[in-house]
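So the sequence lines, in the order shown, correspond to chains W and U.
Take 444 as the starting number for the first sequence in the numbering used here and just add one per residue.
Take 444 as the starting number for the second sequence in the numbering used here and just add one per residue.
Each hint can be trusted.
Any copy will do: because identical chains look the same in the list, a pair fits if it lies in one copy or spans two.
Only pairs whose alpha carbons sit at most 27 Å apart, straight line, appear in this in silico DSS-like list of lysine-lysine:
#, residue 1, residue 2
1, K526, K747
2, K747, K520
3, K666, K626
4, K646, K569
5, K664, K646
Hints in this document: simulated from the structure, not taken from any laboratory.
Chain by chain, the residues run as shown.
2 protein chains.
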Amino acid sequence: MSPITPPTFATLRKALLALAVAAPASLAAGAVLAPAVAALAEVPGQQRTQAPGFYRMAIGDFEITALFDGFIDRDRKYFVGVKSEDIIGLLDRMFLAERPEIQAAVNAYLVHTGTNLVLVDAGAAKSPGPTLGFIADNIRAAGYSPEQIDTVLVTHLHPDHANGLLRLDGSILFPNAEVRVAKAEFDFWLGGGAVAKAPAPLKPFFAMARAAVAPYEAAGKLKPYQPGDGLLPGVESVAAYGHTPGHSGYLFRSKEQSILLWGDTVHSHALQFAHPEVVIEFDVDKDETIASRRRLLAEAAALKLWVGGAHLPFPGIGHVRTEGDGYAWVPVEFGPIRSDR
Amino acid sequence: MSPITPPTFATLRKALLALAVAAPASLAAGAVLAPAVAALAEVPGQQRTQAPGFYRMAIGDFEITALFDGFIDRDRKYFVGVKSEDIIGLLDRMFLAERPEIQAAVNAYLVHTGTNLVLVDAGAAKSPGPTLGFIADNIRAAGYSPEQIDTVLVTHLHPDHANGLLRLDGSILFPNAEVRVAKAEFDFWLGGGAVAKAPAPLKPFFAMARAAVAPYEAAGKLKPYQPGDGLLPGVESVAAYGHTPGHSGYLFRSKEQSILLWGDTVHSHALQFAHPEVVIEFDVDKDETIASRRRLLAEAAALKLWVGGAHLPFPGIGHVRTEGDGYAWVPVEFGPIRSDR
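Construct the complete structure from the given sequences, taking the supplied hints into account.
In C-alpha cells:
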C-alpha cells in the first residue's frame, strides 16, 4: 500500500455540498479545482444523440424486440389513491421527486414467432408532441419494416397505443397487418353508447380512437376478438380490464418460456408496484383496474413470468417479486440475446 | 362492459404450470391452443442482433456515454462473506438463481467534458473470450473514434479494465491518449514486490497488467498520479482501495451535477448493495474492500450522487438508496438526453 494519505470522500462531500448550496459559474467544469491540461488530441463536438430505441431478447424460439416510442412527462397529480405525501415519498425513493412531472416511457413490442411478425401496440405518433412517435424509426433501426408486420395486437385504444397505427397524413402505417382489439374495447370506443356518458375531458379520446382504426376498418383489416378466441400460434389475450373496458395483455409462449405484454397494467413503476391501489385519473373503472393489477401482479410474481409494460422504463421488460405488502420491479439486464437462459 | 366472461388468468396459470411440469414438443409455440392463421405478409428472418451497446446522458455540460464491452459469466462460488444459501436467496430475489453463473456486465465510460474526451477503463479486449472486447466497436457506434480520446483513466489494472488498452495484435488502441492510473496501483502490479507474495492463481494478473500498459509506458504516455493530484478540469480521483491497492473511482462534475464512476466498488448488484460485506475472492484486501464499499455507498446515498459501475447491469448508471441495513440500486431510466433534469 502506498503510504500517501488518500483524499477522503468527506473532502469531496464538503466540496459537493458547497457546490449544491451556491454554484458560482467559475466552478462549472471544475475550473477552480483542477489544473488546465492540454488536450493531446483534437476534441470533436459532443454527439448528444441517444442509442437507437430497441432492445432484443429471446423467449423460447420467439424473438422479442422492445421498441421505444418516446416519453411523456405526466403531472404527478394524475396519480391518486394514496396521500400525496406518500406519492412524493415513493418517487423520492426512486430519485424522481425533484420535478413535478413523472417521465413515463411509451413502449411497444415486436414479436417474431417464426410464423408471424406481431406488433403489440403502435405508440403515440407525433400527435402528443415531439417527444413521442418513434416507433416506425425504431422498427427500422431494429432491422424490420412496418410493411413486414402481419398483425398488430392493440392492448387498448388510448392514443399513446393506437395513434401510431397511422402515418401523420392519416394513412395506414402497417399496410399488410390485421389490427386485433378486444371486442369490449371496440364497443366502448366506437359503439357510440359510452361517449355520451363520458366526462368532458375524456370525450376527445373517443374521436381519436375512432380515427386511429378507421382506415383499417374501411379496408376490412380491423378484427375485434372475443376473450378466449385464439389469436395466433403461441399468442393469447389476457383480460386486464378496468383501465379501459377491454384493456388486454398478450401472453406469448414458446417452449418452456413465456412473456406477458400487459399494456398499462402499471403506469408508474415507482408507485404502483409498492402500492397497487394507486390509480391514474383516466382509469375508466378504478376498482376494476386495481383488481386486475393485483391479480396480474400476483400471478406474474408466483409464476416468475417475464413481463413487458408499455410505460415501464424502457425496455419495460422484467420480473415482478412480492415485497412487503406489495411488489417490486426487477428490470431485465442488458446483454446480447441469450437463448441459454 | 362486454357481458362475455373473460378467460381468467387462473386458466392460463394452469396451462403454464402444465407446460412447466412437462412440456411436450407439441405445445411449443402454443400449437395446441391457437388456430393456424395465415400470415398476411411474408415473414422475414429473425434479426437476433442486439442494439448497439452505448447509452448517453448529460451531467451538467458534460456528456457521459456508457459503453458495453460485453459480459462475463461468473461462478457464484467466487462471492463469499455470507452463507451460500443467503447468496442463492439474494440471487433468486433478482431472478438470477436458476444458473450457477452470474452474468456480470463489463462497462466503460466515455466522458466529453467540453475540453477533453476521457475514457474511464478500456474493457477486456477479446482475451477472456468472445463475449467481451466490444469497447472499440461501441465507441464508434456512439459516434467517436479511439483516436479522438485524449485521456484514459484506469480504475485498476485488472484485465477486464486494462486489456482493452491494446488491439489484439498488442498495438496501442488509443494513440493520442495519456493513460492515468493511481501510483499505488502502478507500484503493486508493475513494481515487482507484490508478485512474489501473490497466491499462485493471481500471478498471471501481474504479467497481464504489465503487458496492457507497456506500450504506453514505452511511448512516455503512462502517467501514474498521486491521490489529490488534479487530473483534468472537472475530474478528480476518489480512493476506493481494497479490491486492488490503488483501485480508484473518478468523480466528474459540471455545474451543479456530478457522477462518480466507481469501477469495481460493486461487483454484483444482486448481492453487494443489500450485503456490502460480500466480497469476491480476488479482492486483494477484503477488509479494506468492504470499508471502501461501505464508505462510498453511504456517501452516494447521502449525496444522491449519480454513480456508474463497471459491473452493474449496463449502462451501469443509477443511484443508491439506503434500504434496511443495506442499500438498493436504482438504475437510470432510458430516455433521450435531458439537460432539464
